[in-house]
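Chemist: Make the full structure from the sequences, and use the hints.
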Amino acid sequence: MGEHHHGPAKGLMRWVLTTNHKDIGTLYLWFSFAMFILGGSFAMIIRAELFQPGLQLVNPEFFNQMTTMHGLVMVFGAIMPAFVGLANWMIPLMIGAPDMALPRMNNLSFWILPFAFLTLASTLFMDGGAPNFGWTFYAPLSTTYAPPSVTIFIFAVHIMGASSIMGSINIIATVVNMRAPGMTYMKMPLFVWTWLITAFLLVAVMPVLAGAVTMMLMDIHFGTSFFSAAGGGDPVLFQHIFWFFGHPEVYIIILPGFGVVSQVIPAFSRKPLFGYASMVYATASIAFLSFIVWAHHMYTVGMPIAGELFFMYATMLIAVPTGVKVFNWITTMFKGSLTFETPMLFAIAFVFLFTVGGLSGIMLSLAPVDFQYHDSYFVVAHFHYTMVAGAIFSMSCAVYYWLPKWTGKMYNETMGKTHFWISFLGFNLTFFPQHFVGLAGMPRRIPDYALQFADFNMMSSIGAFIYGLSQLLFGFNIIRTIVAGKPAPEAKVWEGAQGLEWTVPSPAPYHTFSTPPEFKAEHH
Amino acid sequence: MYQRAKRLSQLALGPVLLLLSLVTTSAWAEEALPWRRPNQVNTTPGVTEVGHTIFGLHMMVFWLCVVIGLVVLAVMIYTIFAFRKSAGAKASQFHESTALEIAWTVVPFLILIVMAVPATNALIKVYDNTNPDLDILVTGYQWKWKYEYIDPQGNNVSFFSNLRTPQSEIRGEETKGEHYLIEVDEPVVIPVNKKVRFLVTGNDVIHSFWVPELAVKRDAIPGFINEVSARPTEIGVYRGQCAELCGRDHGFMPIVVNVVAENEYNDWLGKKKSEAAELKALMDKQFTLAELVERGKGVYDRACAACHGANGEGGVGKAIAKSPIATGAMAGHLDIIVHGKPGTAMQAFGAQLNEVDLAAVTTYQRNAFGNNMGDMAQPVDVYKVKKGQ
Amino acid sequence: MADNSIARTVTKLSVVVVGMFAFVFVVMVPLYNTFCEVFGLNGKYSGEKYEVVDAKPDESRRIKVVFVANRAEGMPWDFKPKTVEVFVHPGAVANIAYYAKNVTGNDMVAQAVPSFVPARAAQYFHKTECFCFNRQPLAAGHETDLGLQFIVDQELPADISEITLSYTIFDITDRDGGKPVATR
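Chains A, B and C are the protein sequences, given in the same order. According to my numbering, the stretch in the first sequence is residues 1 to 524, in order. According to my numbering, the stretch in the second sequence is residues 525 to 913, in order. According to my numbering, the stretch in the third sequence is residues 914 to 1097, in order.
Check before you lean on any hint, since a few could be wrong.
Below are the DSS-like pairs computed for lysine-lysine, each with C-alpha atoms no more than 25 Å apart in a straight line [unchecked claim]:
1. B/797 <-> C/969
2. C/995 <-> B/795
3. B/910 <-> B/842
4. B/908 <-> C/993
5. B/670 <-> C/1014
6. C/1014 <-> B/718
To list a few chain A residues with every Cβ distance to chain B over 12 Å, as calculated [what the hints assert, rightly or not]:
7. 236
8. 352
9. 418
10. 504
Covered by chain A, per the in silico footprint, the following chain B stretches (three or more residues, Cβ under 8 Å) [what the hints assert, rightly or not]:
11. 622-630
12. 646-653
13. 702-712
14. 729-743
15. 747-758
16. 819-827
To be clear, the hints were calculated from the coordinates, so they are not data collected in a lab. Idealized CB from N, CA, C, for every residue including glycine.
Modeler: If you want it as structure tokens, here you go:
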């Protein structure tokens, strides 16, 4: 490639045919935001129905479709593509590479996603309705007793899985082969490390999910009995296979968020990340341990006690490297020089609220007590603290942090802070009471509930509407920034920010690092 | 500056801890009857020894987590206040310490061991299903529970337990009762201070049998059985719900367990057994279609033909041939024959004919006169209609 | 650009992807079945017929065996154990039977699936003859006794004194391909 750069092509076809990592990152980010709004709408319907006891708005069949689609769209359509979009935009910039290793496969990885989710969303209009068996789709509810849309669901999962796998191969190939000279592994930004490890997790477990849904397909259409006792199979086998994918999946969801926060906190503390090497090892330990804990999602299934104990001990162990990371973030802030722009607000909230989610996770890890928590709202509270206050907050953090680099414009700081505080309030109002109703005995995935759960559910629904509305403010801020934002000051938008991405202009030129940069190590 | 920030966070800590302890301790001190207490924030200690052990473990780890969370929060709040750039803080540049890394790896690990030991002991107790006094086979159906009391002589008492809350309450047409969504027509009755072993299975999809105050939750998996035991130490009514998504009415299949004095249990069981013996006599008679039709013709000629015609053509009564009732749902057909139609000449034959004859004549009507429905009613179905199920 | 090294990385990762997909079918399923057999979960039938060892029954132990019957969704047969509980000595041969009646107007075929609690006991419970070994055809309206012959192994752990065996019958008529039905 010579020094003669073309700007981007004109018109719509630019976006269809682009192989540019910045364009593709932008596509992933907009797609994920649209999915976030869609999945959020499903959640609004759920919380509207749960606002009061009684069935006022939807019937139970449709409610089950809403809970299922909310989970599928948020996990596979919102949060995962969002972090992939971040990876696409930032990894080449952070390692001084001109683009991803496989730019054309990068384009394919993105474009099959809208196709997959359009197909999935269309099931809402099918006979029998959308998938209604929970995003965890246990057999035989999802095989023998499934609506016709289950076949479309399996197809969509395969496509979305292929997208993730291709994206991950691309990320690994890029990080392994295309770092600027002088950037050894232990000098990479932590965000790159967390994505590298996440990509390995994806490559290992997305095929397992593909296997699980293929077995479902075979049971439903080709007369096999993997999950049916009648033919010598076992519904519990499904759960083992699913959660072998499912548990690494939740770390796939959060690890990139850990990486974001590890970039943002040092920037606004004006101090290097504390314990860089420790953070790398902790992330790798979490990833490794994530493979041997899956059955803590299945404590009530009737496993022999030896199995329960093994999974309990392994699950408890994961708290150690996770705690190490939390302590390192706080120590990064300690004796720094702190300012509290919007990215920093989200990062700080992430550290505390993710810790709350982690602590309820420790409670859940204890098998004997989990017999009271399992499949109750206590679990719902736990995973929303880790996935919303964790993954989504870190994603918002990333957007505010890097938006000036992407667009060359500053977002409105007051609006950003407002978005943060309303999100913080709305989120906690939604999910903190759910700990209580779960402990008090309210099961998951029910459209109506006994009277003693009414007050906390009303609180939770009000919080959900507040949180949901604030995301519209977020979208508005982003669009306003792009259209009419004040120009970003310079290449290094934030005083304390470190990394190669802050050495290129804002907005980043269409092609960057066509020649590898001089990389001088910082304080790693 | 730093002193003030420190003081602030210390001051805040006190009231927060106090409030939390009030909230949770009051929940603990309450009786184990959370169904009558709205806005409960804690899980129940329950009425079994295993339940108390679990509750103790829960409170222990809960407090540990609260302390850890508050310490983290306190350090963060202090840091945020003490090291603000706007207050003039200058950033240090230290960025690693092997000693600290070791410390905050080892200390949490030790804390985990402290939790793992009682957790292991509690799990061993949960898994103890030896020497039960009573076995009950619990089967999850879409969307109700079936209970079968295993009797060594084979006289198993068996019944379904359905949600009793009427649709009118669910749709808001009537005020919701106190036990809205957690009441059933036939509760499980068990004697106090006896170890009951629940053998849990599923009929169709996976369900889960959960009664918080008995500290039992086990998945009900079709084709397989699980066991979980409880020895309730207090008389009372304990309510639970299905805890695994199982389709449309997952939220509408509650569990109600009546723990009663032993003699009351024996009386109840005796009553159920004699009902069961009647039922058994009928259930033992599972007739074939041909048998029912043959017998039913005799019954029809005796009891129905006079009004409905020898060939079902009608007369004083409506025609049976091609009748929407005789070619409609079985339930409606049985209902009219057993209960009659008030305000008309159609009497309640449930009072006049036995279950076998009623089943036979219903079957005959559905398969004769060109109706050809191909289905049949068994005496036990009639028995159930008579009992209002 | 290190094109070769990129190609190498991609190839290696693709092998991992294919390998993990195959892992599900080729390793996870058989591993799960083996685990179930070793831990005696879910009454998995390992396919080998137990060879009776000639040994004296252990008269010092009395093991209670409880029998339970279930009918799966869509299976209207009458099905129940003729004996609900027996007491056996480990090592002694015992015989019990289940009763089944096809109450419908159609010829049907059933499959019985066994399941044990406690799970640990299953590997010590040897079924020498079991109706669960074969498909069970039954003509319309007919009834039959289904026999089970078993021996509880002397090696049964000392802390187990009660075993519960449950059978669930499933309707496999459609899977059966319309083979001739024998009435008994």
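Chemist: Confirm or reject each hint.
Modeler: Taking the hints in turn, this is what the structure says about them:
1. B/797 <-> C/969: violated, 41 Å
2. C/995 <-> B/795: OK: residue 995 of chain C and residue 795 of chain B at ~23 Å, within 25 Å.
3. B/910 <-> B/842: Distance ~23 Å between residue 910 of chain B and residue 842 of chain B Cα, so the pair holds.
4. B/908 <-> C/993: holds, 21 Å
5. B/670 <-> C/1014: holds, 21 Å
6. C/1014 <-> B/718: Given that 25 Å is the threshold and the Cα spacing comes to 36 Å, the pair is violated.
7. 236: Not fine: 6 Å to the nearest Cβ puts residue 236 of chain A too close to chain B.
8. 352: violated, 6 Å
9. 418: holds, 19 Å
10. 504: holds, 25 Å
11. 622-630: holds (count 4)
12. 646-653: Since three or more residues must qualify, the claim that chain A covers the stretch 646-653 of chain B holds, with 6 doing so at under 8 Å.
13. 702-712: holds (count 5)
14. 729-743: As far as the stretch 729-743 of chain B goes, the hint holds, because 10 residues have Cβ atoms under 8 Å from chain A.
15. 747-758: holds (count 3)
16. 819-827: With 0 residues close enough to chain A, the hint is violated.
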